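Peer 1: Okay, here's what each chain looks like letter by letter:
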Amino acid sequence: MHLGRVVGTVVATRKDERLTGCKLMITQPLNIDEKPIGEALITVDTVGAGIGEIVIYTRGAAARHAADKLQSPIDAAIVGIVDNIDVYRDLLEEK
Amino acid sequence: MHLGRVVGTVVATRKDERLTGCKLMITQPLNIDEKPIGEALITVDTVGAGIGEIVIYTRGAAARHAADKLQSPIDAAIVGIVDNIDVYRDLLEEK
Amino acid sequence: MHLGRVVGTVVATRKDERLTGCKLMITQPLNIDEKPIGEALITVDTVGAGIGEIVIYTRGAAARHAADKLQSPIDAAIVGIVDNIDVYRDLLEEK
Amino acid sequence: MHLGRVVGTVVATRKDERLTGCKLMITQPLNIDEKPIGEALITVDTVGAGIGEIVIYTRGAAARHAADKLQSPIDAAIVGIVDNIDVYRDLLEEK
Amino acid sequence: MHLGRVVGTVVATRKDERLTGCKLMITQPLNIDEKPIGEALITVDTVGAGIGEIVIYTRGAAARHAADKLQSPIDAAIVGIVDNIDVYRDLLEEK
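Residue numbers (my numbering), protein chains in the order written: chain A, 1 to 95; chain B, 1 to 95; chain C, 1 to 95; chain D, 1 to 95; chain E, 1 to 95.
There could be a bad hint or two in this list.
In this list, chains with the same sequence are indistinguishable; a pair is considered to hold if it fits within one copy or across any two.
Pairs of lysine to aspartate or glutamate residues, derived as DMTMM-like cross-links and limited to a Cα-Cα distance of at most 25 Å, are as follows [as the list claims (entries may be wrong)]:
hint : residue 1 : residue 2
1    : Lys23     : Asp83
2    : Lys23     : Asp90
3    : Lys23     : Asp86
4    : Lys23     : Glu93
5    : Lys35     : Asp83
6    : Lys23     : Glu39
7    : Lys35     : Glu93
8    : Lys23     : Glu34
Think of the hints as simulated: they come from the structure by calculation, not from any bench. Keep in mind it's a predicted model, so treat the numbers as computed, not measured.
Chain A on its own, in the form it takes in the complex (with noise of 0.2 Å):
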């Protein structure tokens, strides 16, 4: 799974209708420093997260099991809102 941070709505009214209900929040991949890495991708919220939150998300099928949608046209999907990173960063470092 992945660190983001939701950013951004997408409304899309003529849409598979399986996408019919979910929310489709945009998610900007973030490092463990928490600051945008690539470009932001569309999920599908399966845990309430809100605008500005931090989240984890997943990708490919791992995102149908999370929507609980598997014959649907989901390939992420946001499964949980990160309450506390901690990373030991000389961990980091090149040793």
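Starting from the known structure of chain A, fit chains B, C, D and E onto it as the hints suggest.
Peer 2: Using the frame of chain A, we list chains B, C, D and E on its own:
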């Protein structure tokens, strides 16, 4: 899922028969500012998207679900047409 | 799916028996201007593609569906031979 | 599978219930010289890995198999603790 | 599938029991000129590959099929030993 813009079409007469009847659209990935990012890919349209429209596309098995062709070689599909993108830009700034 | 050009072949006598009889073609990914992008990969040909032809290839489980070998180690397959690519180039310019 | 080092943990109280009881470890990918490469990801520990240990992690459905939670949102898991890496460095030089 | 060279081995005593008996080989991806590209990964050998050999490897579920261990954490496997690579280099030049 990802944002993209439909920028063209591909014609292939000799192809896997399970692609017959599929509209093969060239979709250019976009960032949340609607600027092109990375390389275009070939997607199957499942929602009646037109050239120039901003769409949501999905990849992998999710694309076969979207096309209702689980036993097919499809690995990318357009699953929604974007009406509106709302981004809280202050959340994207490094803190 | 992606655009590519068949640029060679690979011979492997010792291999997974489920690859026996598969034509292993080296496919160079192309952008929509038909220029090489990224690194070539080894694809199984399912449509009779010839050296030099521009093709559509697919990846992952989609490739096993294409080859009708669901229980095989195939993860990339050629699924179409491109006749024509129509790109509306003005749509690719940043706005 | 990939090499990584466990560098931290993530706490998420509100999360997919199928993640309850899973240890969410931050794993930093390493190259074969044990130097950090790319961005850290959130993995589920299935082998009792400790902070600082060099591990093998796997991604996608393989991670759900590792965790014996096939119907879960897990897409990355630690599946081994590395005792030793043997690299024949002369084979890595360009020829 | 991809080209690679077997450049080493990994030993992990504590690991997912479904990896027991699997030879964990470090495989360095190669381009079609047999030069190293990107980072090495840990693959399960299914064809008796030796250190230094140029191989074909596969990723994802395809790797579990190769190893005949569908319910395992394997996500990369060596599936062939390359005898010969034939590349038509003029096809790789930009036109």
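Peer 1: Now tell me, hint by hint, if it's right for this structure.
Peer 2: Hint check results:
Taking identical chains as interchangeable, the C-alpha atoms of Lys23 and Asp83 lie at most 25 Å apart whether they share a chain (22 Å) or sit on different chains (14 Å). When the C-alpha separation of Lys23 and Asp90 is checked against a cutoff of 25 Å, the pair qualifies only between copies, where the shortest distance is 21 Å, while the shortest distance within a copy is 39 Å. Taking the closest pair of Cα atoms, Lys23 and Asp86 come within 25 Å of each other only across two copies (13 Å); inside a single copy the shortest separation is 29 Å, beyond that limit. For a Cα distance limit of 25 Å, the shortest separation of Lys23 from Glu93 across copies, 24 Å, qualifies, whereas the shortest one inside one copy, 39 Å, does not.
Taking the closest pair of Cα atoms, Lys35 and Asp83 come within 25 Å of each other only inside a single copy of the chain (16 Å); across copies the shortest separation is 29 Å, beyond that limit. When the C-alpha separation of Lys23 and Glu39 is checked against a cutoff of 25 Å, the pair qualifies only within one copy, where the shortest distance is 19 Å, while the shortest distance between copies is 27 Å. When the C-alpha separation of Lys35 and Glu93 is checked against a cutoff of 25 Å, the pair qualifies both within a copy, at 18 Å, and between copies, at 8 Å. Within a single copy, Lys23 and Glu34 get their C-alpha atoms as close as 23 Å, and across copies as close as 20 Å, so both meet the 25 Å cut-off.
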